[in-house]
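Here the structure of chain A is known, so what remains is to put chain B in place on it, guided by the hints.
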Amino acid sequence: MSDLENTILIELLETIADNKFVMGDHLVEIGISGPNLEATLSSVAIAQSELGHARILYNWVYELKNGKVKGKKPEIKEQTGKAFFNTVNTQNWISLIANLFTTNVTSKIILGAISDSPYSTKMITKMVKEQQDNIIYARSWCRQLANDKGRIPIQFQKDFENAKKEAQDWLLSWQNDDQIRHFEIIGDKTNVIELFNEEIGSVFSDQATAYIK
Amino acid sequence: MNYQALKDYDVFTRIQRGESIIQIGSFKAPDDDIATVYAQKIYDEQDWAEMQVVRRDHIIKIKVPEGVFAQKGVK
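Residue numbers (this note's numbering), protein chains in the order written: chain A, 817 to 1029; chain B, 2 to 76.
Please keep in mind that the hints were generated in silico from the structure rather than gathered at the bench. Among the hints, erroneous ones may be present.
Below, in silico cross-link-like pairs of lysine-lysine (DSBU-like), each with a Cα-Cα straight-line distance of 30 Å or less [said to hold, decoys possible]:
hint: 1; chain 1: A; residue 1: K974; chain 2: B; residue 2: K8
hint: 2; chain 1: B; residue 1: K29; chain 2: B; residue 2: K62
hint: 3; chain 1: A; residue 1: K965; chain 2: B; residue 2: K29
hint: 4; chain 1: A; residue 1: K942; chain 2: B; residue 2: K64
hint: 5; chain 1: A; residue 1: K965; chain 2: B; residue 2: K8
hint: 6; chain 1: A; residue 1: K945; chain 2: B; residue 2: K8
Quantities reported herein were computed from a predicted structural model and do not represent experimental measurements.
Just chain A, with the same shape it has in the complex:
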């Protein structure tokens, strides 16, 4: 792998890892006072999975930077500064759910593309599979908040749009990057924005409002 390939892959992996790392903390701190017991217990379990995924990605980045090293990898105490602004500034349950959904969809698309590329590893394929549960959880809660009463749907719409816009902009910057396509990190035929919009649109599908009437 060339230095440039290495740098691009590190940048992608660190952004996803940072989002997962920050989200893992928020899922415990904010999720502990979720709207019901089921949501809270699941939130804490999802936090563990997000932090576990972040650790795997940071370890991979460490190997990309330093080569294969035997023994214990350094402990991660803070993100590298690439986490999304809205994710870092998550303040409450509504923005937590909006950001959990958009960051998980983003990482699903990028890790999915990497798992189809020559850089794929078994753990990435496993991670893509595992985070599907997080997406189902976040999508269901997005639907519940979008169909709730009072000011909740308005606030949710606002937070969701902000989170969506930031993720779209980030994906668009990679979509338009010729180097990535040259190195086959994201295949020529993969339209990441289209994949993202498709997943995001599923929140507001007809089915989404069917059960809350």
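Leaving out everything else, chain B in the frame of chain A:
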């Protein structure tokens, strides 16, 4: 929160092959998709060999015991 749409689900698990499948708990969820996630995330204390989640109103009741004080008119 709109709790009206929440449904009851029961969780059944088997600890290992050859053991009986038993009901280990229940929870409320708005649909089957998130019910599968809740079941796995909430009841993750064991590495279950088998786990099933059933919407309670889909269970066909054949025989249901009376309440302990039913004969005294307590419901």
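Query raised in the report: Okay, which hints does this one fail, numbers in order?
Result: 4
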